[in-house]
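So the sequences go chain by chain: V and A. Here the first sequence stands for residues -8 to 601, numbered as in the working numbering. Here the second sequence stands for residues 16 to 489, numbered as in the working numbering.
Certain hints may be false.
Covered stretches of chain A (chain V as the covering partner; in silico rule of three or more C-beta atoms under 8 Å from a C-beta of chain V) [as the list claims (entries may be wrong)]:
| hint | region |
| --- | --- |
| 1 | 193 to 205 |
| 2 | 353 to 366 |
| 3 | 394 to 408 |
| 4 | 435 to 444 |
DSS-like cross-link-like pairs, simulated, lysine-lysine; straight-line CA separation at most 27 Å [stated by the list, open to error]:
| hint | chain 1 | residue 1 | chain 2 | residue 2 |
| --- | --- | --- | --- | --- |
| 5 | A | Lys56 | V | Lys212 |
| 6 | V | Lys106 | A | Lys365 |
| 7 | V | Lys29 | A | Lys365 |
| 8 | V | Lys485 | V | Lys372 |
| 9 | V | Lys145 | V | Lys586 |
| 10 | V | Lys27 | A | Lys365 |
| 11 | V | Lys0 | A | Lys158 |
Calculated Cβ distances over 12 Å to all of chain A for the following chain V residues [stated by the list, open to error]:
| hint | residue |
| --- | --- |
| 12 | Gln74 |
| 13 | Asn86 |
| 14 | Asn125 |
| 15 | Tyr168 |
| 16 | Asp172 |
| 17 | Lys194 |
| 18 | His332 |
| 19 | Phe458 |
Bear in mind the hints are in silico, worked out from the structure with no lab data behind them. For clarity, every value in this text was computed on a predicted model and none was experimentally measured. Built from N, CA and C at the ideal position, the CB exists for glycine as well.
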Amino acid sequence: MTNQYSDRKYIISGIIILISIIFIIRLLYLQVFDNKYKLSANNNSQRKVIIHPPRGLIYDRNNTLLVYNEATYDIMVIPNQLQKFDTTLLADLLNIDKDYIKFNIKKAKNFSYYKPSLFLKQLSIKSYARFQENLYKFLGFFAQARTLRKYPQKIAAHILGYVGEVDKKILEKNKSYKQGDYIGLSGVEKYYENILRGKTGSKIFLVDVHNRIRGNYKNGKYDTIAIAGNNLTLTLDAKLQAFGEKLMQNKIGSIVAIEPSSGEILTLISSPNYDPNLLVGRIRSKNYRKLLLDSLKPLFNRAINAKYPPGSTFKLINALIGMQENVLTENTYYTCNHGYHFGGITVGCHGHKSPLNLKESIQISCNSYYCNVFKSIIDNKNYPTTTQSYNAWRNYVTSFGFGRYLESDIYDESKGFVPKSTYYDKYYKKNHWSALTIISLAIGQGELGITPLQMANMASIMANRGFYYIPHIVKKISGGISISPKFEVKHFTKINEKYFSTVVDGMELVINGGPGSTARIAKIDSIIVCGKTGTAQNPHGKDHSIFIAFAPKDNPKIAIAVYIENGGFGATWAAPIASLMIEKYLTKKISKKRKYLENYILNGNLINKK
Amino acid sequence: MRQTKNNILQKIDWITVLLYLTLVIIGWINIYAAVYNTSHKSILDFSQKYGKQLIWIFAGIILIIIIFTIKSRFYKFFAYPIYIVTILLLFFVLLFGREVNGARSWFEIGNFRLQPAEFAKFATSLAVAKYVGSFNFNIKKIKNLLATLMLIFIPVIFILLQNDTGSALVYFIFILVLFREGLSANILIFGFIAVILFILALILKIITVLILILAIAFIIYWLSQRKLKNIIIASSIFTAISLILWIIKHYGNINLSDSYVILISFIISSVYYIFYAFKNNISKIYSFVLITLASLIFVFSVNYAFNNILEQHQRDRINNLLGIKYDPLGTGYNVNQSKIAIGSGGFSGKGFLQGTQTKFNFVPEQSTDFIFCTIGEEWGFIGTSVVLILFVLLVIRLIFLAEKQRTHFARIYGYSVAAILFFHFAINIGMTIGLAPVIGIPLPFISYGGSSLWSFTILLFIFIKLDTNRSDLI
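Extracted from the complex, chain V is given alone in its bound form (with noise of 0.2 Å):
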């Protein structure tokens, strides 16, 4: 049977394989040219969970617990999953109120239906356990496990520092860091951050359409676990601390204290000071803004970044240079007739005998001795220029750590400012200044800045008779790592060692040297302390009471910095306060008969009283 058709056959099978080959390069292109819809597929099906660690824990030198990690709940919502709720028992059981959960909820969908959106952070574990009961009746919402830092004693803010959550700006900058991760904002927290942070983890979850877990992306191959942070240990001694703190409450200023033998901190006050429990989870933001606008400036870390003037303090230091420059011995005996006068020029001094050779100078503090020592310092023959000469003194100066950055592991210390000769040839023109215009530094005045921090080493220098290790805060880190070996450097000073022991003498006259002592108040029975008491002038009113010390006298233990800001003469606070301290540590007590001290001294308020 003939068919006129027939050919036809080939123009529909055409058609059909047309098609088919329009398909085939379709295919092509949507599964191996096109990326695109592989980087979709993940993005539909995997969801990475990110896994906190915790942040390692903070011990004092005696295994004290400071910081531990509390666990807390962030509520999380994801919208799509919402079915009706009672809002009333919601809003009960997280204590928020209904516009908040209204608020949120409209957040949370703006951002996403499908993934899931914080709700509420920060739920307390007893809060948490209430809502978990409940959560059934809450579909859409979950907890998410996170921890907050919490600090059992209460001390040692400063010190210690805060973490936050990262903010956008570091999250731009640093690429380790996630949404929502803590970092460590100041303090130990901040300088040791790598070491407490531990390590993130993540796990892949295969979700589907609903956002349901169904398993293990590739049975877990990609997951990281989390590896929490290393623990620190302190070398602050926590009693020695919070006994500081105590006896710093209603006053202004700082206490620093140091093992001499190692550099270890034991003790770093700045008062006022606020419990590290402030700065924690939701109330955070809150308590910074009312600290922040304090006008006491609790924030402040005066230990190492107020510049104070170290005042008589600072004779010590310009008795060591006269004797390394040979213009001062033992023996040098200076007259003083209420006060150094010359030239037209006056440095007050209080009534005492006179003349004094070098110990008794350091006994009693006379202010005239200095400005002669000062002045053939500068004026000293074998420099041709004061400036020479000048320059001479500063760099004896800076080799005690002043003027400098003394690189502990506290994070942000100021570097104080002693003055460079070219700052006086600003202040006063080349070659228009000389010992007499700048005689103010003879005892610790004028332009000098020191913190006390670098007061604290200095005591430290003197009971190690002419070196320092460099301050720091960290003992022991867990996990093998071991600190910086720069701490384990001795520094030493320009100063021959020699010269110290006179200077030492010196001091322990200055709290048992009997009549015209400054600071018999400082003396403790059973313990020869050393010290030397400041009293800096002020612009802004009462004088600041300083003391610095170390004890005992041989193979010292602790050397000790203390500065009260308007204080008065540095044996009404500084010193009893730097006294009760030493005793403390060194004896763990307080003895009886030194009770009415540590009562006077928690008993002054020098706050309430201006």
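Assemble the complex: chain V is given as a structure, and chain A must be docked to it using the hints.
Quick look at chain A alone, frame taken from chain V:
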């Protein structure tokens, strides 16, 4: 040359049967992968879709045996009764059927559901084959053609009434069968032009399409006549009339869109063109003017129909397909997810049961209409191209066999089977890769579902049975 019944096994076209079995097994494995979950690991778990599909497959084999035992002439003799019974079923399902997903197209007897629209395909194919293949039939006779179209459109109307647009659209593929039987090629060409115009009318502004049509008309006319003078005169007349109309409209403040100005201008110009054609006795011009006018009116109708007749979800699907409005989370969600699933398979796929997009329900209907996604995701380009090639081979094999038939009835039926299978796999695969609108029709032999598997099996094996008797004149 008489063969005994015992030799039927030798006469079966085993290539077709093999292609059929391969596709069915591919389907079963991929249904298992698509709905796989760890709590029902056994592929023989009859509470799961893959277990049920296996039952359908075995039931299908029984159907095949029954089909083979029935004599070939039965199908020809009973073509009309089968057709009428099916139409009745389509009618009854409207009254007693159960509504699933908005379509009232299922009979439900206990746990068992049957979709008569699926079986209407082979019934209609039989009826068309019988009618078109009858001795007196001449497709050039309008009466015969209209009767054929009626056979096709009666089930279409019932299926449309069931709200199952996808299944109804399948019947348009009979145009290929009729084309093979001598339907004017122009209809196929017109159909093609209509599709192009349809798409252009929706993508472009209507006025742009109108100008395009006219420009092409003038150019084709010029190419056929090679008389530049005539074409300049013709286009100048049109331009002048349009200008005058536009000025009248503009200054007369008549509220009329510019596209209507062009349409009316062309109608007025046509008067001159026809007059010119009559005077110079150029008959070509008549059809030219008519085709152009028809195209213009068609574009207007498409626009009107699209905006006034189609429902919003249908508009959305077409919009999305043509890229007019892109909304990956709304209307385009299914297609977007489907493309992601297929695209993520890459060249060699993620491996059996390793697909994440289909398994975790990102792709809807992953065991039925979107089963191709599972193949694409787990078997990659290799899998998709193999399946596609298997279908092409099957359809081409059917055409090859149909051409060998000695009776018109068997040939036409064979072409119907090939055309229906072609339409199904082209539209189904096309929609999963974004080349065809999303109309819910299954992928033959592969998609989950008893009704669809059986209806395609019956459709195919009746032809294989007819083929075993191709040397006989029945």
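Aspartate 172 of chain V clear of chain A by more than 12 Å, beta carbon to beta carbon?
-> Given that every Cβ of chain A is farther than 12 Å from that of aspartate 172 of chain V, nearest at about 28 Å, it holds.
Does lysine 56 of chain A pair with lysine 212 of chain V here, judged by a C-alpha cut-off of 27 Å?
-> 23 Å, holds
How does the coverage statement for the region 394 to 408 of chain A fare against chain V, requiring three or more residues with Cβ below 8 Å from a Cβ of that chain?
-> holds (count 8)
Does the no-contact call for tyrosine 168 of chain V survive, Cβ to all of chain A over 12 Å?
-> Given that every Cβ of chain A is farther than 12 Å from that of tyrosine 168 of chain V, nearest at about 29 Å, it holds.
Is the hinted pair lysine 106 of chain V and lysine 365 of chain A satisfied, with a Cα-Cα distance of at most 27 Å?
-> Measuring from Cα to Cα gives roughly 25 Å; hence the hint holds.
Is the hinted pair lysine 27 of chain V and lysine 365 of chain A satisfied, with a Cα-Cα distance of at most 27 Å?
-> The given pair, whose Cα atoms are some 16 Å apart, holds under the 27 Å limit.
Minimum Cβ-Cβ distance from lysine 194 of chain V to chain A exceeds 12 Å | Non-interface label stands for lysine 194 of chain V: nearest chain A Cβ at 16 Å, farther than 12 Å.
Closest CB of chain A to the CB of asparagine 86 of chain V still more than 12 Å away = 36 Å, holds
Given coverage of the region 353 to 366 of chain A by chain V, checked by CB-CB distance under 8 Å (3 or more) = Result for this restraint: holds, n = 9.
When you look at the beta carbon of asparagine 125 of chain V, is every beta carbon of chain A farther off than 12 Å?
-> Asparagine 125 of chain V is indeed farther than 12 Å from all Cβ atoms of chain A, at 29 Å.
Within 8 Å of chain V's CB atoms, at least three CB atoms from the region 193 to 205 of chain A: coverage verdict | holds (count 4)
Are lysine 485 of chain V and lysine 372 of chain V close enough, with their CA atoms no more than 27 Å apart?
-> Measuring from Cα to Cα gives roughly 20 Å; hence the hint holds.
Figure legend: structure checked against the earlier numbered hints; every hint is met.
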